[in-house]
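For reference, the chains in residue letters:
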Amino acid sequence: MSLILIIEISAILVGAFSGFIEARRKRMDLVGVFTVAFITAFGGGTLRDLLLDRRPFFWVVHQEYAILIFVLALIASPLIRKLRQIVSENLIVVADAIGLGLFTIAGVSAALASEMPVFIAAMMGVITGIFGGVLRDIVCNEVPMVFRDGKPYAICSFIGSCMYLLMLQFDISNDFALWSSATVITGLRLMSWKFDMRIGHR
Amino acid sequence: MSLILIIEISAILVGAFSGFIEARRKRMDLVGVFTVAFITAFGGGTLRDLLLDRRPFFWVVHQEYAILIFVLALIASPLIRKLRQIVSENLIVVADAIGLGLFTIAGVSAALASEMPVFIAAMMGVITGIFGGVLRDIVCNEVPMVFRDGKPYAICSFIGSCMYLLMLQFDISNDFALWSSATVITGLRLMSWKFDMRIGHR
Amino acid sequence: MSLILIIEISAILVGAFSGFIEARRKRMDLVGVFTVAFITAFGGGTLRDLLLDRRPFFWVVHQEYAILIFVLALIASPLIRKLRQIVSENLIVVADAIGLGLFTIAGVSAALASEMPVFIAAMMGVITGIFGGVLRDIVCNEVPMVFRDGKPYAICSFIGSCMYLLMLQFDISNDFALWSSATVITGLRLMSWKFDMRIGHR
Numbered sequence: 001m002s003l004i005l006i007i008e009i010s011a012i013l014v015g016a017f018s019g020f021i022e023a024r025r026k027r028m029d030l031v032g033v034f035t036v037a038f039i040t041a042f043g044g045g046t047l048r049d050l051l052l053d054r055r056p057f058f059w060v061v062h063q064e065y066a067i068l069i070f071v072l073a074l075i076a077s078p079l080i081r082k083l084r085q086i087v088s089e090n091l092i093v094v095a096d097a098i099g100l101g102l103f104t105i106a107g108v109s110a111a112l113a114s115e116m117p118v119f120i121a122a123m124m125g126v127i128t129g130i131f132g133g134v135l136r137d138i139v140c141n142e143v144p145m146v147f148r149d150g151k152p153y154a155i156c157s158f159i160g161s162c163m164y165l166l167m168l169q170f171d172i173s174n175d176f177a178l179w180s181s182a183t184v185i186t187g188l189r190l191m192s193w194k195f196d197m198r199i200g201h202r
Numbered sequence: 001m002s003l004i005l006i007i008e009i010s011a012i013l014v015g016a017f018s019g020f021i022e023a024r025r026k027r028m029d030l031v032g033v034f035t036v037a038f039i040t041a042f043g044g045g046t047l048r049d050l051l052l053d054r055r056p057f058f059w060v061v062h063q064e065y066a067i068l069i070f071v072l073a074l075i076a077s078p079l080i081r082k083l084r085q086i087v088s089e090n091l092i093v094v095a096d097a098i099g100l101g102l103f104t105i106a107g108v109s110a111a112l113a114s115e116m117p118v119f120i121a122a123m124m125g126v127i128t129g130i131f132g133g134v135l136r137d138i139v140c141n142e143v144p145m146v147f148r149d150g151k152p153y154a155i156c157s158f159i160g161s162c163m164y165l166l167m168l169q170f171d172i173s174n175d176f177a178l179w180s181s182a183t184v185i186t187g188l189r190l191m192s193w194k195f196d197m198r199i200g201h202r
Numbered sequence: 001m002s003l004i005l006i007i008e009i010s011a012i013l014v015g016a017f018s019g020f021i022e023a024r025r026k027r028m029d030l031v032g033v034f035t036v037a038f039i040t041a042f043g044g045g046t047l048r049d050l051l052l053d054r055r056p057f058f059w060v061v062h063q064e065y066a067i068l069i070f071v072l073a074l075i076a077s078p079l080i081r082k083l084r085q086i087v088s089e090n091l092i093v094v095a096d097a098i099g100l101g102l103f104t105i106a107g108v109s110a111a112l113a114s115e116m117p118v119f120i121a122a123m124m125g126v127i128t129g130i131f132g133g134v135l136r137d138i139v140c141n142e143v144p145m146v147f148r149d150g151k152p153y154a155i156c157s158f159i160g161s162c163m164y165l166l167m168l169q170f171d172i173s174n175d176f177a178l179w180s181s182a183t184v185i186t187g188l189r190l191m192s193w194k195f196d197m198r199i200g201h202r
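Chains A, B and C, in that order, are what the protein sequence lines are.
Every letter in the first sequence is one number past the one before it in full-length UniProt numbering, and letter 137, counting from 1, is 137.
Every letter in the second sequence is one number past the one before it in full-length UniProt numbering, and letter 105, counting from 1, is 105.
Every letter in the third sequence is one number past the one before it in full-length UniProt numbering, and letter 21, counting from 1, is 21.
One chain only, chain A, in its complex shape (with noise of 0.2 Å):
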């Protein structure tokens, strides 16, 4: 199995794991569980591609993902106690993070190619890395976390976002200016989860 591979379906667990547990502390059903979880980990990127009307989702092409957080979904509730005592939160929060890196440049790539403004590109990047969050939290009736808790997320995803937009300005190649904005959004997120930063108006 590649890399690419094993990175990308570990960064929509942790966005189905993440809805699962928002799901379950809400009490909800089977039905609300897979529906929140699906939400999380596609809502980003799906709601990119409705803004950038591209077609097909990913997880149309994908079915498989879409299936397996079915299967994930009927099993849910001993899965997650069980996960929450094998996983350490720092695995979940690096996965995360590598999540964040990839999902942004991915959604800065998508802007591109569909010919979107450099701020806009940017905002997209941001958009596809966050707002799975934010739409699960919408149906969770939660003001989004990541608007409120004034932790450096999107902001370290707007950057990453941006240090890319720049360097494909100066001709840096694009594997390159990829795989080092993705990283350098992902030590970010490390780095303030690990120093407990703040920023913004509080």
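None of these hints come from the bench; they were simulated from the model.
There may be inaccurate statements among the hints.
What the hints assert, rightly or not - Pairs of lysine-lysine, BS3-like flavour, derived with a Cα cap of 25 Å:
hint	chain 1	residue 1	chain 2	residue 2
1	C	Lys26	A	Lys151
2	B	Lys26	B	Lys82
3	B	Lys151	A	Lys26
4	B	Lys151	B	Lys194
5	C	Lys26	A	Lys26
6	C	Lys26	C	Lys194
7	B	Lys26	C	Lys26
8	C	Lys194	C	Lys151
9	A	Lys194	A	Lys151
10	A	Lys151	A	Lys26
11	B	Lys26	B	Lys151
12	C	Lys151	B	Lys26
13	A	Lys26	B	Lys82
14	C	Lys82	C	Lys26
15	A	Lys26	A	Lys82
Following the hints, position chains B and C against chain A.
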């Protein structure tokens, strides 16, 4: 008037009616009552069409339904009290169950026409069947009922979708597959309501 | 600078400003403040364009407006306090009423260009006028204000839309129909505010 037209109008009216009730419970004004009724009646199909990139929407082709809901909203307050006296709750549940069956199978058909893979087609059926109510609850600032009451509503829709897809796989005529699956959904829904069944994680 | 450009920027700034205030009331951070302001300013037009399948969005063609809101969000906290001292509430209501008129008629025009039937075109006008605020309230986890305060806001927008459509029916020049209808919406809104009128079901 043909049977299918009567059923169609009934399903839309039941959707709108459930929107009226929820909007009035939230003490909304005329604008809210109309919008919530409209979203409840057409939200599921509209979201499906947005995801499938299908145009025009049902309510664009048939603007008479939108106008009907508008007129009903104008008289909603006295209407609801009156209707609650005339129409028994049983009748509403039956009409809603018929609507669930029809909307679901219409959703699966539309997805197949857009060449969706089977699991995604089943999901589109369920989305068409239940997301009117989900969007209604989000606009009314509630955790969607269908995600938390543990009653087999979406599940009935999903079972019928799978049955329809399976029958098509075995070269059964589309007409028969369509009507029998819609009937199964309606039947399952009514049975589960009659016997107050619960499923999923609680 | 042309008059129309001044009005356009004013309308967007008023939308963004109302987003700033709501986001700050919910104690959101920088990311939330920017997102809510952006959604309030552009949400109505974006939803309309999604429904009409029109691209590119206004804020894609004019990314300078998105950048402007981004810069304002960075200085939103002190900005809001300052603006509240300088700008009287009256001025905000007037600018918002002008925005309502312009956004509504722009929405109807766009719907007619996409060959929508008349009632749907009127609905698209109202959606363009009010759904920025509706989406703002949903993200902020509130029942949308415009659905429950019983004040004639959406109604003014709807009356103006109908007037515009009626004038076009009678072969009145588009320019005159457009400006007079927008003016009527703004006038009705200001009158209803001045005299604190209420309508609809309470």
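Going through the hints against the structure:
1. C/Lys26 x A/Lys151: Cα-Cα ~16 Å, so holds.
2. B/Lys26 x B/Lys82: holds, 19 Å
3. B/Lys151 x A/Lys26: holds, 16 Å
4. B/Lys151 x B/Lys194: At roughly 11 Å apart (the allowed maximum being 25 Å), B/Lys194 and B/Lys151 satisfy the hint.
5. C/Lys26 x A/Lys26: holds, 21 Å
6. C/Lys26 x C/Lys194: violated, 28 Å
7. B/Lys26 x C/Lys26: holds, 21 Å
8. C/Lys194 x C/Lys151: Between C/Lys194 and C/Lys151 the Cα gap is close to 11 Å, so the pair holds against 25 Å.
9. A/Lys194 x A/Lys151: Within the cut-off at roughly 11 Å; holds.
10. A/Lys151 x A/Lys26: Status holds; Cα separation ~23 Å.
11. B/Lys26 x B/Lys151: holds, 23 Å
12. C/Lys151 x B/Lys26: Since the Cα atoms of C/Lys151 and B/Lys26 sit roughly 16 Å apart, the hinted pair holds (cutoff 25 Å).
13. A/Lys26 x B/Lys82: violated, 36 Å
14. C/Lys82 x C/Lys26: The hint holds at about 19 Å.
15. A/Lys26 x A/Lys82: It holds: about 19 Å lies between the C-alpha atoms, which stays within 25 Å.
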